[in-house]
Amino acid sequence: MIQFQKGSGRKSRYNNPVQPKIFLRCLLVFALLAAFIQPPAQARAYRPPTQSEVTAYDLIIAMNTLRVSYGLPALIEDPIIDAVAQATAEIMAANQMSWHIGDVSGRLAAAGYGGGAKVWATENFAVGNQTIDEIMQVWSDASHMIPAVNPAYCHVGAGVAKSANGLTYYVLQAAYTANKSCGEYRPPAGFVTPEGGGSTDGGRAGGGYGIIVPVKIATPDADGKIFHVVEAGQSFWSIAIAYKITIKDIETWNNISRDTKLQIGQKLFIPSENTAGYATPTPVGMILVSTPDPDGKIVHTVASYQTLSTIAQAYGVAIDVILALNGLQIDWPLQIGQKLLIRPSQVTPSPTPKPLSPIQKLTPESDGRYYHTVRSGETLSWIADLYEISLADLMAWNGLNETSIIRPDQKLLLQVTPPATATFTPGPPTATPTATRTPAPPTATPSLAPSQTDAAPTTAGQPTAQNPGAAIVWFILAGLGACGLFLIVFFARKK
29 MIQFQKGSGR KSRYNNPVQP KIFLRCLLVF ALLAAFIQPP AQARAYRPPT QSEVTAYDLI
89 IAMNTLRVSY GLPALIEDPI IDAVAQATAE IMAANQMSWH IGDVSGRLAA AGYGGGAKVW
149 ATENFAVGNQ TIDEIMQVWS DASHMIPAVN PAYCHVGAGV AKSANGLTYY VLQAAYTANK
209 SCGEYRPPAG FVTPEGGGST DGGRAGGGYG IIVPVKIATP DADGKIFHVV EAGQSFWSIA
269 IAYKITIKDI ETWNNISRDT KLQIGQKLFI PSENTAGYAT PTPVGMILVS TPDPDGKIVH
329 TVASYQTLST IAQAYGVAID VILALNGLQI DWPLQIGQKL LIRPSQVTPS PTPKPLSPIQ
389 KLTPESDGRY YHTVRSGETL SWIADLYEIS LADLMAWNGL NETSIIRPDQ KLLLQVTPPA
449 TATFTPGPPT ATPTATRTPA PPTATPSLAP SQTDAAPTTA GQPTAQNPGA AIVWFILAGL
509 GACGLFLIVF FARKK
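Its first residue numbered 29, the sequence shown is counted upward by one per residue in my numbering.
A few of these clues could be false.
In silico lysine to aspartate or glutamate, EDC-like type, Cα no more than 16 angstroms apart, as pairs [claimed, not checked]:
| id | residue 1 | residue 2 |
| --- | --- | --- |
| 1 | K389 | E416 |
| 2 | K295 | D321 |
| 3 | K295 | D249 |
| 4 | K439 | E406 |
| 5 | K190 | D287 |
| 6 | K272 | E301 |
| 7 | K276 | D287 |
| 8 | K276 | E406 |
| 9 | K272 | E162 |
| 10 | K289 | E259 |
| 11 | K244 | E259 |
| 12 | K295 | E259 |
| 13 | K276 | D161 |
Hints in this document: simulated from the structure, not taken from any laboratory.
Based on the sequences and whatever the hints tell you, model everything.
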């Protein structure tokens, strides 16, 4: 604190009004520098939302758009199905699963859907950082089209969750109850859709799906080409899903952008498998077989939509073989990116021959006996240790005693019989492969909350790359110290 002395006729060295002004100016300069060098954490962490992120609302709207195009009424969003779909997405994301959890009907019934009646349900999921166009392309096969083409289904819900590896899981569930027509069932009073679940109003008041205009499929012309005439209420999305192509296909083959508004009466060329230069997408879940290593070993990397049965079928091996090779159990879910040993190495490594012992290296001389030729520096005890014989035997065989002197090139009799040199004969490869270590399976009851990763600790007060705030603090303190030193020198000289 800067103090001013009272009751004195002369000025103190501390009551000069220039001193606090200089000090405050220095403090202000360093504060501004710190603000420019280290922006506030909140401003640095802010990132505007991405418009391409797919929400649970988008999944429901897309499926209902497709359903209406088939002449069926839109599915009714149900809060219980929303809750189960969101929980399913979070469990799959936490375990990075490549396939469904299973028993969607049982999980919906356990959550209260149907009020105790028999529940029938189906579940679609997609994984990756995809657009709604790409997700619906994944769901274009017969098994995923059930919510769109089966008139028995009444209710729908959806959920979205992100996994630790950055992939996003999208889940849509549709259901109905036995012996009840669509619309009779109502969720329990007071049941509120959890945060993160589907919402048909997308955060807007009023709810509802808006106007959904079915797309009538055009017939090919005389040349086999298909042209669609845009009608009121139709969009890029509804046209793409009706013809089972992508919005990108419409843009590419018509030289237009999805950002351009479609006009009523506009003709759009629709590519098909008969169109030259048009490549149909790879079927979902199709397995590309890995090639063997030079030693014959085959390792498969699990991708989304792949199961033990489809992988075993693709490689022509039994599921039990894959389980044994990888130390897995049949009820453990596969993870995306997991390595599975399909076939172990087929090459038996050549064994390294064992070095010959000194006795095995001996060669009999003309008399049939074995001798050791003495070299400079060798002693009787060293020679006995070399051939693993007793010193007494060595001296007895050669008529020597403890005082005897041996000379270089002298031959010592060895009354030994060298053992036969073993010749290795490789046997057939073992029939039972060794199991490889695999990641531990997920817990039987995964937590619904996303997993958290503890941050690596940093040393307090040290300016590191992970702790830039410490560097700024040291910078400010050093500047204040320099200002203080300058003031002391300045006023000392003035005095």
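Outcome of the hint check:
A threshold of 16 angstroms between alpha carbons decides the hint, and for K389 with E416 the separation of about 14 angstroms falls inside it, so the pair holds. For a cut-off of 16 angstroms, the pair hint linking K295 to D321 is broken: about 52 angstroms separates their Cα positions. About 13 angstroms separates the Cα atoms of K295 and D249, which keeps this hinted pair within 16 angstroms; it holds. Between K439 and E406 the alpha-carbon distance is near 12 angstroms, which keeps this suggested pair within the 16 angstroms criterion.
Between K190 and D287 the CA atoms are separated by roughly 28 angstroms; this puts the pair beyond 16 angstroms, and the hint is violated. Proposed proximity of K272 and E301 is supported: the alpha carbons are some 11 angstroms apart, at most 16 angstroms. Taking the CA atoms of K276 and D287, the gap is about 12 angstroms. The hint holds against a cut of 16 angstroms. Among the hinted pairs, K276 with E406 is inconsistent with the structure: their alpha-carbon atoms are about 87 angstroms apart, more than 16 angstroms.
Between K272 and E162, the direct Cα distance comes to roughly 11 angstroms. Compliance with the 16 angstroms bound is thereby established for this hinted pair. A C-alpha spacing of about 12 angstroms is found between K289 and E259, which places the hinted pair at or below 16 angstroms, so the restraint holds. Simply put, K244 and E259 have alpha-carbon atoms about 9 angstroms apart, close enough for the 16 angstroms limit, and the pair holds. For a cut-off of 16 angstroms, the pair hint linking K295 to E259 stands: about 10 angstroms separates their Cα positions.
Pair hint K276 plus D161 holds up; C-alpha atoms about 8 angstroms apart against a cutoff of 16 angstroms.
Taken one by one, the earlier hints fail for this structure at numbers 2, 5, 8, listed in ascending order.
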